[in-house]
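Using the sequences provided together with the hints, build the complete structure.
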Amino acid sequence: MSDKSLPSDVDSRLKVLKIAYRQRLVRELDQIDDFLQALRQDPANSQSLRALHEALHKLAGSAGTFGFEQLGRQASLLEEQVSNALAKAEGVAELPGLTDWVAQLRASLQADESRKTGLGVEVLEQEANDDQLSIWLLERDTMLADYIGQQLRSFGFTVLHLRDAQELEQASSCSPDLLLVDHHASESPELKTQPEAFWRDRLKSFNCPIIFTGAEEGFFARLHAVRSGGRGYFTKPLDVPQLAAHVARILKSGESAPERILIVEDDSDMAQFCQVVLQQAGMQVEILDQPQNLLQTASDFDPELILMDLRMPVATGAEMAAILTQIERWAHLPIIYLSAETSAEFRGHALSSGGDAFLEKPVDPKLLVSLCRSRIGRLRELEQAMTRDGLTGLIKHASIKEALQTEWEYVRRHPRPFSVVMLDIDHFKSVNDTHGHAVGDLVIAAVGTLLRQHFRNTDKLGRYGGEEFALVLPDCTASIATGLVDGLRQSFSAIRFMGGGESFSCTLSAGVVDNQSFPRHSAEALIEQADKALYKAKHSGRNRVCLASASDDPKAGPTNKEAR
Amino acid sequence: MTLQKVLYIEDDPDIREIAALALVDVGHLTLKACESGKQALQEVDDFGPELVLLDVMMPDMDGPETLMALREQGSITSKTAVAFITAKIHPGELARYRELGVTDVIAKPFDPMTLADDLRRIWLRFNE
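Order-wise, the sequence lines are chains A and B.
My numbering numbers the first residue of the first sequence as 57 and each following residue consecutively.
My numbering numbers the first residue of the second sequence as -5 and each following residue consecutively.
Treat the hints as calculated values from the structure; they're not laboratory data.
Please read these numbers as outputs of a predicted model, since none were measured by experiment.
C-beta: ideal position from N, C-alpha, C; glycine also.
Where hints are given, some of them may not hold.
Said to hold, decoys possible - Which bits of chain B does chain A cover? Going by a derived footprint, with three or more residues having C-beta under 8 Å, they are:
(1) 9 to 23
(2) 41 to 47
(3) 99 to 107
What the hints assert, rightly or not - Capping the alpha-carbon separation at 30 Å, the derived lysine-lysine pairs in BS3-like fashion look like this:
(4) B:73 with B:26
(5) B:32 with B:-1
(6) A:594 with A:292
(7) A:114 with B:32
(8) A:452 with A:485
(9) A:588 with A:485
(10) A:592 with A:457
(11) A:144 with A:114
(12) A:485 with A:592
(13) A:74 with B:-1
(14) A:452 with A:422
(15) A:74 with B:32
(16) A:417 with B:73
(17) A:114 with A:71
(18) B:82 with B:-1
(19) A:417 with A:485
(20) A:292 with A:260
(21) A:71 with A:292
(22) A:71 with B:82
(23) A:457 with A:485
(24) A:260 with A:248
(25) A:260 with B:73
(26) B:32 with A:422
(27) A:592 with A:452
(28) A:248 with A:71
(29) A:422 with A:260
(30) A:71 with B:26
(31) A:71 with A:260
(32) A:74 with A:260
(33) A:74 with A:114
(34) B:32 with B:82
(35) A:452 with A:594
(36) A:74 with B:73
(37) A:417 with B:82
(38) B:73 with A:71
(39) A:144 with B:-1
Here it is, written out as structure tokens:
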């Protein structure tokens, strides 16, 4: 369907309707999922079957009108099956692939969204996830917007292009996860005279992070962006991989888990006061009023910080801190004392036995929250730095091997498939030689960003070495993994990097193996197999994904004992 | 006589909205959109449509039932064109709809850019 040559107000209203409909789709797909779940438990439930039929019928009739043609066609296909089942008055136990229906609908939706780029980004053969992050791109230049949109989509974001502030205003009934704003994107005269006030006013209803873009460089351009309500400023021409990494980092930090705080305090009023204050700030809080239960509670709750009363009947706060510092697991746990004590000597003693800071009673709620949050934030950063690779944010070599070993041991007790993937950037050395190491690092970082966007939270994603990556995918057979990695491969090849004023693209090769094809292999041997498959991919021309097969490996025969 | 006034009965609010865009802004027609057969029965006579467009599958009163009720109260005459709009159409149903005096059936999903043209074509055929 073409929406070319329309008056611009109709065009933007159409866009707004499409946005609203897109949000409704999320709810409708969830609802269909609910009906299917109900039917799985009770296949003969005709009420659920009729509800499912109605929902699919609605979808079949409306999705195409709003530009989601493939979703509509898929819904129509499924509707037909339900309609036949209804006519024959039989349950849905007979319907093929019922469990995959929602996944199929979501994949169609994703296909519709990818296709809309019109720039030949291949559809990912991947289970579409609802939590795909949406970016609204406010950009005057349509061609530039198409380009940026396509690039960001290949990083796994959904992107909606709006041409100016007016379109944004009409669309503001719903909200994206991030706004990317060209700071000249309005014809309004107010933008010329008071640009900062203009944007603050236009953007005030958005709670999401806002990043400005513009051709200007330097301190004042950035200051303008900050004063206009922006979280960041990127100069044009935009370096999209860098932008994507930045965006992923901003959005990730927003979704971090709540801080866990243990309050050790015998005065229950005081303890509850602190609990309420911290809980209101979104933290998880437990109160310990029996000091003797400290170790049990700590290992059950796994706190990231302890608020400790100094004077308690059974043991003093300083004594409790001293106990904790003796136990390796808790030795680095931040401890903040709550105390009305002002004697410097007393305080010095308490700190030397293991505490980190004092907070005076009566406790100031704001100070309490910010102290807890900043301590835990820094603790988390430190842990991140210890286990994660700085450039990509992926797990480091040793930790990914450990993750593989853990998974391997887990499936020995609870059999299930898992896949191991080795992945390598093609001709990476020539990227470094031609464009320099800084650009090479950017390419590596882009793979990191892409991996985190494409895979589940439960997947273990590691940087194995220079330009080599290792993935451990639980609950995933090699054939599914191959599809996922191939989607990643296609997305990666669509990304354009900038180096020395020219743009270029890269490809990657991968080898995939799963535990079921090599049931007698150790974790280590599975990596070797994935590596062999990777070499097969390299030798058969690169830019491809190869599957390890047992026939390639004489050791894989059933007569062989565990291969090393 | 050119087509001007269209009554559209459709239970899905998003579809009513995009249809308004398609028929009024793109197609320059005059539209009255009703969310149910019941509402249509009350408001049809004040509006006096030349063409009535009905969604087939609706809760409470479906399209065919609404059409019959509209005829019964005399709101649809020999001068009024009638069209159905639906996602699923089986050959047998089409014949049944024709017996109800329906000029044509429009397939859902419709293209908002051409919906008005489709209605104008139906209007021409009806007046042939």
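Results for each hint:
{"no.": "1", "hint": "9 to 23", "in the structure": "holds (count 6)"}
{"no.": "2", "hint": "41 to 47", "in the structure": "violated (count 0)"}
{"no.": "3", "hint": "99 to 107", "in the structure": "holds (count 6)"}
{"no.": "4", "hint": "B:73 with B:26", "in the structure": "holds, 18 Å"}
{"no.": "5", "hint": "B:32 with B:-1", "in the structure": "holds, 19 Å"}
{"no.": "6", "hint": "A:594 with A:292", "in the structure": "violated, 36 Å"}
{"no.": "7", "hint": "A:114 with B:32", "in the structure": "holds, 20 Å"}
{"no.": "8", "hint": "A:452 with A:485", "in the structure": "holds, 21 Å"}
{"no.": "9", "hint": "A:588 with A:485", "in the structure": "holds, 21 Å"}
{"no.": "10", "hint": "A:592 with A:457", "in the structure": "holds, 22 Å"}
{"no.": "11", "hint": "A:144 with A:114", "in the structure": "holds, 22 Å"}
{"no.": "12", "hint": "A:485 with A:592", "in the structure": "holds, 19 Å"}
{"no.": "13", "hint": "A:74 with B:-1", "in the structure": "holds, 26 Å"}
{"no.": "14", "hint": "A:452 with A:422", "in the structure": "violated, 37 Å"}
{"no.": "15", "hint": "A:74 with B:32", "in the structure": "holds, 28 Å"}
{"no.": "16", "hint": "A:417 with B:73", "in the structure": "violated, 85 Å"}
{"no.": "17", "hint": "A:114 with A:71", "in the structure": "holds, 20 Å"}
{"no.": "18", "hint": "B:82 with B:-1", "in the structure": "holds, 26 Å"}
{"no.": "19", "hint": "A:417 with A:485", "in the structure": "violated, 60 Å"}
{"no.": "20", "hint": "A:292 with A:260", "in the structure": "holds, 25 Å"}
{"no.": "21", "hint": "A:71 with A:292", "in the structure": "holds, 26 Å"}
{"no.": "22", "hint": "A:71 with B:82", "in the structure": "holds, 27 Å"}
{"no.": "23", "hint": "A:457 with A:485", "in the structure": "holds, 25 Å"}
{"no.": "24", "hint": "A:260 with A:248", "in the structure": "holds, 19 Å"}
{"no.": "25", "hint": "A:260 with B:73", "in the structure": "violated, 53 Å"}
{"no.": "26", "hint": "B:32 with A:422", "in the structure": "violated, 57 Å"}
{"no.": "27", "hint": "A:592 with A:452", "in the structure": "holds, 25 Å"}
{"no.": "28", "hint": "A:248 with A:71", "in the structure": "holds, 27 Å"}
{"no.": "29", "hint": "A:422 with A:260", "in the structure": "holds, 24 Å"}
{"no.": "30", "hint": "A:71 with B:26", "in the structure": "holds, 23 Å"}
{"no.": "31", "hint": "A:71 with A:260", "in the structure": "holds, 21 Å"}
{"no.": "32", "hint": "A:74 with A:260", "in the structure": "holds, 23 Å"}
{"no.": "33", "hint": "A:74 with A:114", "in the structure": "holds, 16 Å"}
{"no.": "34", "hint": "B:32 with B:82", "in the structure": "holds, 23 Å"}
{"no.": "35", "hint": "A:452 with A:594", "in the structure": "holds, 24 Å"}
{"no.": "36", "hint": "A:74 with B:73", "in the structure": "violated, 36 Å"}
{"no.": "37", "hint": "A:417 with B:82", "in the structure": "violated, 71 Å"}
{"no.": "38", "hint": "B:73 with A:71", "in the structure": "violated, 37 Å"}
{"no.": "39", "hint": "A:144 with B:-1", "in the structure": "violated, 42 Å"}
Violation of the numbered hints given earlier is confined to hints 2, 6, 14, 16, 19, 25, 26, 36, 37, 38 and 39; the remaining hints are satisfied by the structure.
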